[in-house]
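A.B. asks: What follows is each chain in one-letter form.
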Amino acid sequence: MIKTDQILDAKGLACPMPIVRTKKAMKDLEPGQVIEVQATDKGSLADMKAWAKSSGNQYLGSSEEGNVLKHYLRKADQTEEKEEVQFPHTVTNAELQGQLGRGDVLLLDVREPAEYAFGHIEGAVSIPLGELETRVQELDAEKEVFVICRTGNRSDLAAKQLAEKGFGRVKNAVEGMSQWAGETKQSNS
Amino acid sequence: MAGKTAIIASNGSLFDAYKVYNIATAAAASDHEVAIFFTFEGLNLINKEAYEQLALPEGKEQMAEGLRAANVPTIPELAEMAQELEVKFIGCQMTMDLFGLEKDAFIDGIDVGGAVTFLDFAKDADVTLTF
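Chains as they are written, first to last, in numbering that gives the first Met the number 0: chain X, 0 to 188; chain U, 0 to 130.
It is worth saying that the hints were derived from the structure and are not from the lab. Heads up, a few of these hints could be off.
Unchecked claim - Using 27 Å as the maximum straight-line C-alpha spacing, the simulated DSS-like pairs for lysine-lysine come out as follows:
id: 1; chain 1: X; residue 1: K48; chain 2: X; residue 2: K2
id: 2; chain 1: U; residue 1: K3; chain 2: X; residue 2: K52
id: 3; chain 1: X; residue 1: K48; chain 2: U; residue 2: K3
id: 4; chain 1: X; residue 1: K41; chain 2: X; residue 2: K69
id: 5; chain 1: X; residue 1: K41; chain 2: U; residue 2: K18
id: 6; chain 1: X; residue 1: K10; chain 2: X; residue 2: K48
id: 7; chain 1: U; residue 1: K3; chain 2: X; residue 2: K22
id: 8; chain 1: X; residue 1: K22; chain 2: U; residue 2: K87
id: 9; chain 1: X; residue 1: K22; chain 2: X; residue 2: K41
id: 10; chain 1: X; residue 1: K52; chain 2: X; residue 2: K26
Take the sequences, apply the hints, and build the full model.
C.D. replies: Structural data, given as structure tokens:
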């Protein structure tokens with residue numbers, strides 16, 4: 000079970016209804032929020048990907064449970080594409096890869112649970128940006144913390160939060176998962 | 000708007016209606032600006048009396064059951080949805096005159112125009128389809 004902001008039941012509906020319903024439901028979501036669309040129309044698998052691409056939203060992935068397809072989409076957030084990264088300490092993905100084997104290092108993934116579920120770096124701890132404020136005590140402030148998201152913007156905000164909370168060694172993995180070339184793990188079942 | 004789709008509906012069977020409305024609603028849901036020009040038998044697709052009981056093509060009558068089983072929306076439902084998604088319906092004035100039909104024979108919210116009305120919309124469309 001992947002945590003999302005909304006679940007849309009489009010089961011039993013034929014093309015193009017799952018897409019039409021998704022389009023309507025997306026209108027009510029805040030930018031950055033994630034929706035799970037449940038459908039039995041097999042064509043919805045290809046259609047969701049294509050629709051997300053043409054509408055500028057983010058297709059995260061799909062899983063299958065019996066004859067029900069569950070599609071995960073994240074509403075586009077324009078600010079993520081434009082904002083300047085401000086936290087001064089950053090690492091590239093190549094540098095990050097070299098650091099991951101060390102024992103006193105913690106990799107924090109601040110994307111939404113569904114984004115994490117469809118591809119994350121092994122060992123990464125998942126705390127969505129919106130929950131970091133209340134869950135920060137789950138993290139060891141003595142460790143060096145690398146923060147990653149999709150494109151370096153949410154991780155920038157998270158890195159600032161951690162530094163304010165007394166984390167001494169924080170770095171923003173500024174290239175993000177969208178440019179991660181190494182291996183990823185899935186946890187979507 | 001992500002694009003523009005112009006559709007000519009010129010045939011009036013149930014299958015034609017599904018082709019037209021499925022593509023139109025899918026395009027509108029993908030943020031396309033969509034207009035459908037209904038002409039000749041295509042006028043059946045927006046005719047208040049006809050669009051609820053469009054005929055299946057000859058020899059395909061047994062597919063009525065399949066359509067119900069697949070939970071495919073009805074044509075009036077699809078037409079309403081298309082209008083909700085701001086698909087523009089244009090009835091062809093010339094064929095309406097030819098068939099002796101007035102605007103009130105058709106569903107609400109349609110425009111009536113001639114070929115040039117459609118061409119003006121279609122001239123810079125990204126997708127143009129004829130059914």
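A.B. asks: Decide, hint by hint, whether the structure agrees.
C.D. replies: Results of checking the hints against the structure:
1. Between X/K48 and X/K2, the direct Cα distance comes to roughly 20 Å. Compliance with the 27 Å bound is thereby established for this hinted pair.
2. The straight-line distance between the Cα atoms of U/K3 and X/K52 is roughly 16 Å, inside the 27 Å bound, and the hint therefore holds.
3. Between the alpha carbons of X/K48 and U/K3 the distance comes to roughly 20 Å, so the proposed pair stays at or under 27 Å and holds.
4. Note on X/K41 and X/K69: the hinted pairing holds, with a Cα-Cα distance of about 11 Å set against a maximum of 27 Å.
5. Of the supplied pair hints, the one linking X/K41 and U/K18 holds, its CA atoms being roughly 19 Å apart against a limit of 27 Å.
6. Pair hint X/K10 plus X/K48 holds up; C-alpha atoms about 18 Å apart against a cutoff of 27 Å.
7. Proposed proximity of U/K3 and X/K22 is supported: the alpha carbons are some 17 Å apart, at most 27 Å.
8. Between X/K22 and U/K87, the direct Cα distance comes to roughly 18 Å. Compliance with the 27 Å bound is thereby established for this hinted pair.
9. Between the alpha carbons of X/K22 and X/K41 the distance comes to roughly 18 Å, so the proposed pair stays at or under 27 Å and holds.
10. With a C-alpha separation of about 16 Å, the suggested pairing of X/K52 with X/K26 holds against the 27 Å cut-off.
Taken one by one, the earlier hints all hold for this structure without exception.
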